[in-house]
Structures are given as C-alpha cells and as structure tokens.
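These protein sequence lines map, in sequence, to chains A and B. Per the working numbering, the first sequence starts with residue 273, numbered consecutively. Per the working numbering, the second sequence starts with residue 273, numbered consecutively.
Hints may contain errors.
Derived pair list, reagent style EDC-like, types lysine to aspartate or glutamate, alpha-carbon separation capped at 16 angstroms [as the list claims (entries may be wrong)]:
hint : chain 1 : residue 1 : chain 2 : residue 2
1    : B       : K520      : A       : E375
2    : B       : K520      : A       : D376
3    : A       : K520      : B       : D521
4    : A       : K497      : A       : D376
Everything labelled a hint here was simulated from the structure, so no lab data went into it.
2 protein chains.
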Amino acid sequence: MVEEIKASELNPEEFISRKIEEIKSTVGDGIAINALSGGVDSSLVTMLGHKALNERLLTYFIDHGLMREGEPQHIVDLFANLGVKVELVDARDEFFSALDGVEDPEEKREAITRTFYKDVFGRLVRESGAKYLMQGTILTDVDETIAGIKRQHNVLSQLGIDTEEEYGYETLEPLIQLRKDGVRKVAEAAGLPEEIYNRMPFLGPALAGRVIGEVTPKKIETVRKATVIVEELLADSGAFQYMAILHKDRVTGMRDGAREFGQQIEVRCWESIDARTATPTRVPHEVLEKIADRLVNEVPGVVSVTYNVTAKPPSTMEAV
Amino acid sequence: MVEEIKASELNPEEFISRKIEEIKSTVGDGIAINALSGGVDSSLVTMLGHKALNERLLTYFIDHGLMREGEPQHIVDLFANLGVKVELVDARDEFFSALDGVEDPEEKREAITRTFYKDVFGRLVRESGAKYLMQGTILTDVDETIAGIKRQHNVLSQLGIDTEEEYGYETLEPLIQLRKDGVRKVAEAAGLPEEIYNRMPFLGPALAGRVIGEVTPKKIETVRKATVIVEELLADSGAFQYMAILHKDRVTGMRDGAREFGQQIEVRCWESIDARTATPTRVPHEVLEKIADRLVNEVPGVVSVTYNVTAKPPSTMEAV
Numbered sequence: 273m274v275e276e277i278k279a280s281e282l283n284p285e286e287f288i289s290r291k292i293e294e295i296k297s298t299v300g301d302g303i304a305i306n307a308l309s310g311g312v313d314s315s316l317v318t319m320l321g322h323k324a325l326n327e328r329l330l331t332y333f334i335d336h337g338l339m340r341e342g343e344p345q346h347i348v349d350l351f352a353n354l355g356v357k358v359e360l361v362d363a364r365d366e367f368f369s370a371l372d373g374v375e376d377p378e379e380k381r382e383a384i385t386r387t388f389y390k391d392v393f394g395r396l397v398r399e400s401g402a403k404y405l406m407q408g409t410i411l412t413d414v415d416e417t418i419a420g421i422k423r424q425h426n427v428l429s430q431l432g433i434d435t436e437e438e439y440g441y442e443t444l445e446p447l448i449q450l451r452k453d454g455v456r457k458v459a460e461a462a463g464l465p466e467e468i469y470n471r472m473p474f475l476g477p478a479l480a481g482r483v484i485g486e487v488t489p490k491k492i493e494t495v496r497k498a499t500v501i502v503e504e505l506l507a508d509s510g511a512f513q514y515m516a517i518l519h520k521d522r523v524t525g526m527r528d529g530a531r532e533f534g535q536q537i538e539v540r541c542w543e544s545i546d547a548r549t550a551t552p553t554r555v556p557h558e559v560l561e562k563i564a565d566r567l568v569n570e571v572p573g574v575v576s577v578t579y580n581v582t583a584k585p586p587s588t589m590e591a592v
Numbered sequence: 273m274v275e276e277i278k279a280s281e282l283n284p285e286e287f288i289s290r291k292i293e294e295i296k297s298t299v300g301d302g303i304a305i306n307a308l309s310g311g312v313d314s315s316l317v318t319m320l321g322h323k324a325l326n327e328r329l330l331t332y333f334i335d336h337g338l339m340r341e342g343e344p345q346h347i348v349d350l351f352a353n354l355g356v357k358v359e360l361v362d363a364r365d366e367f368f369s370a371l372d373g374v375e376d377p378e379e380k381r382e383a384i385t386r387t388f389y390k391d392v393f394g395r396l397v398r399e400s401g402a403k404y405l406m407q408g409t410i411l412t413d414v415d416e417t418i419a420g421i422k423r424q425h426n427v428l429s430q431l432g433i434d435t436e437e438e439y440g441y442e443t444l445e446p447l448i449q450l451r452k453d454g455v456r457k458v459a460e461a462a463g464l465p466e467e468i469y470n471r472m473p474f475l476g477p478a479l480a481g482r483v484i485g486e487v488t489p490k491k492i493e494t495v496r497k498a499t500v501i502v503e504e505l506l507a508d509s510g511a512f513q514y515m516a517i518l519h520k521d522r523v524t525g526m527r528d529g530a531r532e533f534g535q536q537i538e539v540r541c542w543e544s545i546d547a548r549t550a551t552p553t554r555v556p557h558e559v560l561e562k563i564a565d566r567l568v569n570e571v572p573g574v575v576s577v578t579y580n581v582t583a584k585p586p587s588t589m590e591a592v
C-alpha cells in the first residue's frame with residue numbers, strides 16, 4: 273500500500289532532496305536507465321535521476337513513430353539545453369511492424385507495450401549493463417492498474433524479467449506517492465521549463481491511442497495533422513488535456529457536390545485536477561466550429577468532427 | 273429538368289387544388305397506392321392522394337422494425353383521426369433478415385430499399401391491382417440523386433418494374449417541384465397537424481441509418497432508446513433536425529471503477545432551411561452534458577457521447 277502525498281501538503285524542494293538521496297543510496301555507484309517520453313512524469317524522473325547520478329543515468333527517447341509533429345527531436349533538444357543528455361532511438365519500423373493488422377485495442381496496447389519494453393527498451397537495458405530501472409509511475413497509475421483500467425506497471429515483468437532477485441534488477445519509482453498535480457509542482461521546482469511541468473498528459477501509446485482500430489503510418493499521419501490543429505486552437509483553453517481521435521467508423525460526407533465516404537475526428541478537451549475524474553470543457557461553439565472547419569479543410573479524408581460531451585466516469589479521458 | 277417552386281413564391285391553397293386536379297385527371301377511375309412513413313413528404317402525398325381519390329388511394333405503413341418508439345401505431349392513429357385509412361404492415365422479420373450480417377452502408381441501404389420496394393411494397397402493389405404509384409420525392413432528393421449522394425428515386429425500377437409502358441404502371445410525384453420548406457407550408461394548408469408539418473426530416477432507412485455497421489434488433493433497440501432521450505431534450509431547440517447515431521467503434525470507459533469497453537452515441541442537431549446546407553446548432557453545453565448524462569445512465573452499454581460540430585458540406589446530415 274503506497275501512501276499518498278497530496279499536492280497541498282507537498283514541499284517540492286524537500287521532496288527533491290529526499291528523492292535524490294534515495295536514488296543515490298539505492299544505485300550507489302551502479303548505472304540506472306530510463307525511457308523519456310517528454311511527458312511530465314518521465315521528464316521529472318529524468319531530472320531527479322540526472323541530479324542524483326549525472327552520467328550514470330542513461331536516458332533514452334524511443335521514437336516509435338507515434339509521437340506528435342516534431343516531438344522526438346524537440347524533447348531531446350530541450351533536455352540538451354538543461355544539460356541532460358538523451359539518446360534518440362529510431363524504432364519506428366519495429367513498432368509499425370508490431371502494429372500491422374492489429375485491430376483490438378487491448379492487443380494494440382499489448383503490441384506497443386511489448387515492443388517498447390521487451391524489444392526496444394529491453395534490448396537497451398540488457399546492452400547497457402544498467403541494473404536500476406527508473407520509472408515515472410504515479411499513484412493514479414497504481415489505482416487504475418488495481419481497478420483493471422490500465423495495464424500493470426511492473427516494468428520488470430514487461431521487460432521479460434521475471435523476478436528482481438533472479439536477475440538483480442531493481443526498479444525505482446520516485447513519483448509513486450504523487451498525483452499529477454504534485455508531479456507538476458515538483459517538476460517546476462526541479463528546474464524543468466513550463467512547457468514540461470504544465471505539459472498536457474500524453475499517454476504511453478501516444479498517437480496509437482488516438483486511433484480507433486488498426487494503427488498504420490497513414491492513420492498516424494492523419495491523427496498527427498489533426499493533433500496539431502486541435503492543440504493550436506485549444507492552447508488557450510486552459511484545459512487539463514485535449515486531443516484528437518481518429519475513428520475507424522466511416523461516415524457519409526460530400527465534397528464538390530458528390531458523396532465522399534470519409535473519416536471522422538473526435539475532439540476531447542477535459543477539465544480535471546488529477547485525471548481521476550474529469551468533465552468536458554465548455555469550449556465555445558465558435559471555437560469548436562473553427563476546429564471542425566480547419567480539420568475538414570486541412571486533413572485529407574476527414575469529413576466529420578465531433579466533440580465529446582461525456583464526463584469521466586463513465587468515459588475515460590482517452591478513447592483506446 | 274424540374275422547375276423549382278420556391279416556398280416564398282408558393283400559394284399553398286392553389287398548389288393543393290392544382291395537384292388534386294392533376295392526380296384526378298391522371299388516375300381517372302383507377303387505383304393508386306402509396307407508402308406512408310409519417311414524414312412530412314409522404315404524409316402530404318397521402319393527404320393529396322386522399323383528397324383526390326378518397327378510397328381509391330391505398331396507403332400502407334410498412335413497419336420495418338426500424339421506426340422510433342411507438343411510431344408505427346401512432347402515425348396510423350393520427351391519420352385515422354384525419355379520416356384517412358392507413359394499413360399497418362408488420363414486415364419486421366423480413367427487414368432484419370435482409371440486414372443480417374450487412375456491414376457496408378451502401379449494401380445496407382440497398383438491402384433496406386430492396387426489401388422495402390421489391391419485396392414488401394412490391395408485393396402489396398402487385399396484389400392491389402393499383403397501377404398508379406404516388407411518391408413523395410422532393411427537389412432536394414432529385415439534386416442529391418444527380419450528385420450521387422442519394423440513391424435514385426425511380427420507384428418503378430426499385431419495384432423491379434423495368435418500364436412503365438411494359439407493365440402500365442405510372443408514378444406520381446406531386447411534390448417534385450418543392451423543397452422541404454415548401455412542403456411544410458403546403459402540408460399545413462392541407463390540414464395536417466403541426467406534429468406532421470413541422471416534423472423533423474426522418475430518413476427512409478429510419479433508425480438503420482442511425483447505426484454505423486451491421487444493423488441488428490439489439491442495436492436498433494439501443495439507438496431507439498437514445499433517440500427518445502435526444503428528441504426529448506432537444507425538442508425546445510427549434511432546430512431543423514436532431515438525431516442520435518450509434519457508432520460501431522468501441523471506446524474505453526469505466527463503470528464501478530473497472531474498465532468497460534463500451535458504445536458511443538453521436539448526437540447531431542442541425543440548423544437548416546432546406547437541408548441543402550446546414551450548420552450545427554449551438555446547443556448550450558449544459559444541455560449537451562445533460563443529454564450525455566442521461567444516455568450513459570439510461571441506455572445500456574453506452575459509455576461515451578459526442579456532439580457533431582461539422583457543417584454540411586462536407587458533412588451530411590445523416591451519418592450513413
């Protein structure tokens with residue numbers, strides 16, 4: 273049972289010092305490794321690990337081809353500016369091969385997780401000689417894993433490593449007592465830029481989680497274009513999270529007076545404190561219509577745009 | 273080329289008298305037949321035919337199992353109160369058999385059209401001995417048929433009757449010069465109740481057109497329940513048309529803290545004059561959220577609700 277540290281009761285500086293000490297004392301003169309996605313959780317883990325271990329933390333950004341426009345290089349550059357070296361790993365072909373023909377959302381998540389941990393990251397871990405795995409698990413992940421909403425976060429079993437003892441691996445989860453609001457406070461205190469500490473949550477499977485049905489390079493390209501537009505037009509919304517989702521269902525539309533059987537983009541924009549519950553943002557209709565107008569004009573194949581108006585629960589924030 | 277009569281230039285009483293005369297002179301002492309769906313177009317055709325021919329117009333309401341809650345009997349009763357006899361034909365099994373396993377929207381429409389005209393109505397026509405077929409085609413149908421957006425409206429070929437001459441059948445389309453706004457004006461003048469002349473457009477395939485993917489009795493039941501709620505909560509919107517659409521795509525939701533892979537309902541509500549172009553109604557967010565709340569609580573299996581924010585074109589008003 274993990275004890276929660278509420279954001280309101282959190283002293284970020286004290287938390288950072290304590291975690292640095294814990295990491296130092298656990299890792300000793302060993303090597304730790306982590307995967308950075310650019311989200312606030314893995315970014316903070318990277319910073320804490322870097323502060324504690326410096327070059328003895330190996331940080332990888334795995335480009336699975338499912339990131340947003342320009343994101344992989346941008347994140348690597350951003351950390352370089354903070355003095356943190358992050359290695360960019362191009363694994364796009366490996367992920368798209370794993371996703372080929374996979375329709376079921378559960379199998380899709382499984383394919384991404386397996387490729388990420390077992391294949392790509394697992395290979396990096398084994399080759400690095402690192403025995404300490406740093407991971408950005410937060411308390412909400414634990415809750416949702418227990419509830420069966422998320423897959424388990426046990427990184428070792430995901431790496432295909434059955435027991436810690438057998439192989440001598442150890443997992444460090446320095447954020448496990450925090451929720452998202454606490455993570456943001458600590459991330460700011462740890463010197464991360466606002467772009468990161470106020471960054472919207474962006475799920476592990478990235479844009480693959482924003483495609484209903486099979487994930488292909490073409491569909492990722494479609495939802496990536498849509499994401500640029502949705503993020504641009506909702507940047508001022510002050511919302512907790514917003515996203516574009518590409519549906520598999522086709523709907524009837526019309527172009528130049530003739531029928532076009534086209535694609536639909538669903539927009540979601542959430543008000544939330546900690547992602548446990550959420551309500552749809554009351555985005556002005558003029559803004560929603562502008563989003564729709566740009567999506568149908570700028571994203572090839574899209575003829576229809578919806579806005580999600582359901583609360584979580586029973587909705588979840590992501591669709592897949 | 274059909275010449276349009278604009279609603280603004282229309283004299284409804286004069287139009288009615290003229291059409292009654294035309295019908296009388298065409299049908300003579302023959303028998304005419306029509307199918308009534310309860311929509312304003314087929315209702316007005318029924319009234320015009322009744323005024324012209326009285327008992328020599330045979331009107332059938334074909335219950336394909338795809339109507340809204342309680343609709344078939346309600347429409348039959350409503351016409352009985354106007355002195356017009358309508359025969360209710362239960363063809364539900366025939367339609368669901370024809371729709372079994374059909375996924376493609378084009379094939380779905382085809383299955384419904386074929387079952388409606390060729391099988392059920394075709395049988396009624398042949399058994400009745402009627403040689404005059406009355407049909408509620410309006411000018412927008414003609415435009416959209418030409419544009420390839422709608423299927424052709426040639427009732428004879430749909431009945432499996434190749435040429436008029438060969439079999440001696442003749443089609444009457446008294447509303448073909450009108451658009452929806454003109455039809456409404458004439459329908460009011462013809463003595464139809466407001467419920468009919470201000471009735472929302474409701475497409476031929478009925479609720480089957482509101483189900484993406486295969487149409488089953490269970491899915492029709494789901495979208496029928498959703499339709500009751502959406503129509504109740506948008507009744508005061510003053511909109512041209514509003515609807516609930518059941519998606520085939522499944523989305524992740526949560527109930528009682530556990531994941532539920534559930535269904536999504538898309539709500540559409542349109543501002544339009546004549547259905548040629550339309551914009552989404554700016555339904556207040558409180559109303560949309562209330563609709564979502566009732567749908568997820570009252571319609572089993574639904575975990576997510578969206579609102580369509582796209583204009584027509586490039587959207588169409590219906591999804592299938």
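Taking the hints in turn, this is what the structure says about them:
Among the hinted pairs, K520(B) with E375(A) is consistent with the structure: their alpha-carbon atoms are about 13 angstroms apart, no more than 16 angstroms. With a CA separation close to 13 angstroms, the supplied pair K520(B) and D376(A) stays within the 16 angstroms bound. For the suggested pair K520(A) and D521(B), the alpha carbons sit about 6 angstroms apart, so the restraint of at most 16 angstroms is met. Of the pairs offered as hints, the one joining K497(A) and D376(A) is violated, with about 24 angstroms between alpha carbons and a cut-off of 16 angstroms exceeded.
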